[in-house]
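Reassemble the complex: the two chains are provided individually, in unrelated frames, and hints are given to aid placement.
Chains as they are written, first to last, in the working numbering: chain A, 2 to 158; chain B, 13 to 523.
Calculated from the structure, these hints are not laboratory results.
Incorrect hints may appear among the rest.
Pair ranges (Cβ atoms, derived) [stated by the list, open to error]:
1. B:306 with A:69: 36 to 42 angstroms
2. B:237 with A:141: 26 to 32 angstroms
3. A:7 with B:214: 39 to 45 angstroms
Beta carbons are placed, not taken as given, at the ideal position from N, Cα and C, and that holds for glycine.
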Amino acid sequence: MADREPLLRTGVLLPLFFLIVTTVYLAAAFDIRSQFAGAGEMSPRSVPILMACLMYVALAAVFIAEFRSPTQDGPVRELLRPLLVIVATAGYIALFRPLGYWLATLVFTSALFAIFHFQLRRPLVFAFYAIAVTALFYGLFAGIFGVRLPTLTAGVF
Amino acid sequence: MDIFIDILGGMSALADPYVIAFMIGGFLVGTFFGAMPGLTSVLAIALLLPITYTIDVVPALVMCASIFMAGMYSGSITATTINIPGAPSSMMTAIEGNALMKKGFGANALGHAALGSMIGGAIGAVLLMAFMPIAAELSLLIRTPGKFSLVLFALVVIVIVDKGNIAKGFVATLLGVMIATVGIDVLQPIPRFSFGTETLVEGIDIMPLVIGAFAISEVLMQSENWKSNLSSTLEQAKDLKIRRRDFLPPRAEIREIGLLAYLRASFIGYGIGILPGAGGSMAAFVSYAMARSSSKTPEQYGSGSREGIASAEAANNSMCGGAFVPMLMFGIPGDPTTAIVLGVLVINGLQPGPRLLENQAELLGPMLGSLFFSALVLIPLTLWLFGPWFIKIVSIPKGLLYTGIAVVALVGSYVATYSIFQMSLAVLFGILAYFMRKQNYSTVSMLLGFILGPDLEEYLRRALSLSDGNPVVFLTNPDSLFFLALTALFVWAILIRKPKRAMPRTESGEI
Chain A
2 MADREPLLRT GVLLPLFFLI VTTVYLAAAF DIRSQFAGAG EMSPRSVPIL
52 MACLMYVALA AVFIAEFRSP TQDGPVRELL RPLLVIVATA GYIALFRPLG
102 YWLATLVFTS ALFAIFHFQL RRPLVFAFYA IAVTALFYGL FAGIFGVRLP
152 TLTAGVF
Chain B
13 MDIFIDILGG MSALADPYVI AFMIGGFLVG TFFGAMPGLT SVLAIALLLP
63 ITYTIDVVPA LVMCASIFMA GMYSGSITAT TINIPGAPSS MMTAIEGNAL
113 MKKGFGANAL GHAALGSMIG GAIGAVLLMA FMPIAAELSL LIRTPGKFSL
163 VLFALVVIVI VDKGNIAKGF VATLLGVMIA TVGIDVLQPI PRFSFGTETL
213 VEGIDIMPLV IGAFAISEVL MQSENWKSNL SSTLEQAKDL KIRRRDFLPP
263 RAEIREIGLL AYLRASFIGY GIGILPGAGG SMAAFVSYAM ARSSSKTPEQ
313 YGSGSREGIA SAEAANNSMC GGAFVPMLMF GIPGDPTTAI VLGVLVINGL
363 QPGPRLLENQ AELLGPMLGS LFFSALVLIP LTLWLFGPWF IKIVSIPKGL
413 LYTGIAVVAL VGSYVATYSI FQMSLAVLFG ILAYFMRKQN YSTVSMLLGF
463 ILGPDLEEYL RRALSLSDGN PVVFLTNPDS LFFLALTALF VWAILIRKPK
513 RAMPRTESGE I
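Just chain B, same shape as in the assembly (with noise of 0.2 angstroms):
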């Protein structure tokens, strides 16, 4: 109880204007990225990751979490408006939303793509801080064994989702790895494959890394399709009148909707966002599954169905709250975005844990409340005061784009640490992950394999070497067998059983 009061202590940080400012900032950033085909709020994060070396940790995670939650909302824009989803979690929008837009019902699809998101974002927030004390108390409870096997447990699911892909999502997974040994050992003050170099002793940080995957290698991609082929549906979209009157949901569809369809799609997306790897697509998809599978009005799905969007934009926002939960008890990232926040906490040296949470509650208090505050205030505001331009987002030149984004990622690189060292590397790294999403390698595999590692690493060895390197601790451990238990039922679930619907794969690896 004493923490849930801290935290909700710290939320009045964001009272202070500079806050607010980055929380503004961050959620206009997020909902442009979040907006533009191609782009995403990970790589949104990855761009601004180098400012927060800059500036103070509170406002640095503040804009990381406004920009978590704008960028999975703004996806539904382009869904609706141009049906090409903004971010690979709004495609069961684009179906839904885009069908309403054709039947000229664009202005209210958004609206239900809003309200959804509010009330999906609110919910998972509100989940968050209410369920954070009860699971550090949990954390607490696993020892180093249980923890091995819960970072293994996290690592399968990571390969497993990657459906299809298994062999390369397991190759990128153990790239990761590998590159996280470079440097000091976990135990010992022995450097390991520094090849004679002073500086590869020091390790490989994460902001090279996080660059060179997301932000160099979609320079890489857009340079190859450098064409925009948006211009006729930017055309045909030209002439569409959006009136913000029209945005307001009327109160029959809600009710027709239904309280009970939100909650669920609510709660579902908070568990799925929990589950390390899943992310906002597969919140949106097994949300809108279900919602479909117990509609009163099944018939409406396929053909510009409010509840559907409701549905899914619900549950990918709910998904933001619960990827938090993992990476903040136990350093295990619930999806990318989370992964690269994770490093903002490193950088900063917080470590995660739910010692964290009972000493710097003052600290986490502010990125909880600027989730919630995103959800609740932020999205709506957005879109009755820039709803009527949203499709100019995507009539920003390509050219124009990228290259800003180049010169970013390029400078942010440089300056976290003033070496042309680490830009050297975010460019390497951004090569080898342009042609790992050409051959579908997950970079986001690559990415939680390089975060996870060195506690894998770690909870193994110290778990040996307090049982004197008898293995079967790991069974005998109540934590340890449990997660085990996990990763098998895990592995049944979604390898073995036959699967009844293969989920859409996006571009960057994500499901």
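For reference, chain A alone in the conformation it holds in the complex (with noise of 0.2 angstroms):
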């Protein structure tokens, strides 16, 4: 029944963070002046209030279904894993620059690991992998196409 259904849920949320989002917008369209407009001519905000005005009856379309029919969220510690791989992608590009790429790809590709539970069991073909994964995309990015990646000692100094 859809009055049993948690309003908290993504099917509701998602479109509430794009009506947000082009509320925003709309507002900043408003901003938009234009340096010159001759007869006839559209403004550089005529299409992006145009837009927002499509999106909100777009939203509106989505709303009536998800609470005609709502779609069911899973568990939310299917999110876990999602979200743990969000953190360690943060602390990577946080890193990426202060650690250099060896040190901060070695931790980035070690964290992945763990998270999808790969060679766990096996400390050492865990850090041969880890190695190697690094060392492979060095070679791909630095060595084949002469990418110059940041180093721990340009971060440093």
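This is the structure:
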């Protein structure tokens, strides 16, 4: 039954997020000022305002459909691993320049292996694969394509 | 005719060993990604997009074309061997191919899939080369109001093919258009939606959007289902003995399928490829359904029809050629892969349109040649060389695979512009795309909205400016009226007319 579904579910929260984004977008669109406008010319804010209005209509249809036949969320624990991946990725981005490619990627790779439960019971194999993945992509980017990747010394000094 | 000769001349670049290396490398990457359930050729090209910043445009385009062709073909490998389509476009092949596999004709089914892909892919590439000059001439006739109506047609088709989720498809497409409006205005030097930051004045690049929507979101999706559920299937398939000589389909079987069936499937695939947002799955489904309805042996369908395999595979590979037509002529991608190829063109400063073909045929020729060569030579060669080991592809542990994808995606998004901001943006788009995919919003629609949004705005504003703000210009201009009528026809045919059979829908939103 529709009324028994919790209100705070992804099927409602995601369009709600889009609604907030659209409102901020629309407010910002009204602040856009045109430098010049000839007869019949649309200003730089016209299309964004039109898009925002269309978005409201589309979101209304999504909300109506969602309340008529709610989409059920999976168990909350389902989100744990994606959340861990996001945290690991955020950490990787934060440490990429300070630690350099080698160390940051080695830590990131190990974190993802742990999240995916890859070779956790065999530490030596785990370490071998973590180093191998780090070295493989260093070879691809720096070796084959000649890209300059950040180093530990560049990050520290 | 001159353009056709220029294209053929441009193909001589394929003789360069450096370019050949990228074509073969791209084909192998595409085969791997296409064969691996959950991975697609779109993801392969998305991951390699940052690399195209560091190499010349010719090898980059050649590599993209061979990945595209390989990805379409190789979905049939796991579809046949373990009944799990490596790519959504191989769903029909899974039905017939795996039935043959269970009867002990797995290698024969793989051979028919490769032959169908080879013929379809080659015909699609030839049709592309043959009709490109004509398409270029025709596109020159389209004026600004017509261009607006054409882009509108593409966006409407993208939304309505997402049947059952039209409102969500509309939201995703509009979101893409809105993201594209960030940065300098398309006609005036005015920054929009920069929120006081210099970084956003430059706008949002296609690369973090592609990496986020297709690579990061896939890693997040897979981390949710991290336990491999293929182990029992793989155990059963482990004892399979596949011999190379069994890959060659007997002449009698090819005669039974008939040349006409291959040609019909190829033309259907090519035609569907031209439609924006349609893709390989629709091509395979329509071709399979038509082959079944006109078959002399319809009773074989569902229990191992070689004709069914040939029709589906010829159509989805021929689609590759068709999908390039609107992308190269109008900048309107026929499917997500060509949308990313369009990104490669734009990154290299090439603007799609008839002038591109006239002035840069030497750049496009190798790409078109790569489509043809990949279909005609690399498909059979790959099957012959690696066929007996195809089953091993799916046995790679998920943890290793998706960790590798995450590293390539993140480092790739950094090396393209040496920017931590781009890396962060890719992750933000990845998180957004993850939740969108969980709620059946098409990330492909978002990408196409992002690509087509600026064109839509520019043509709309130019057309109204030229007509002193009179919107009737869209109805009085013959080419504009044609595309508006075509839009109405598609809305009627897909939405209003009672559908005979629903298309199967995939996780990625592709049908």
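Cross-check of the supplied hints:
1. B:306 with A:69: 36 to 42 angstroms: With a Cβ separation near 41 angstroms, residue 306 (chain B) and residue 69 (chain A) satisfy 36 to 42 angstroms, so the hint holds.
2. B:237 with A:141: 26 to 32 angstroms: 27 angstroms, holds
3. A:7 with B:214: 39 to 45 angstroms: 41 angstroms, holds
The structure is consistent with each of the numbered hints, conforming to all of them.
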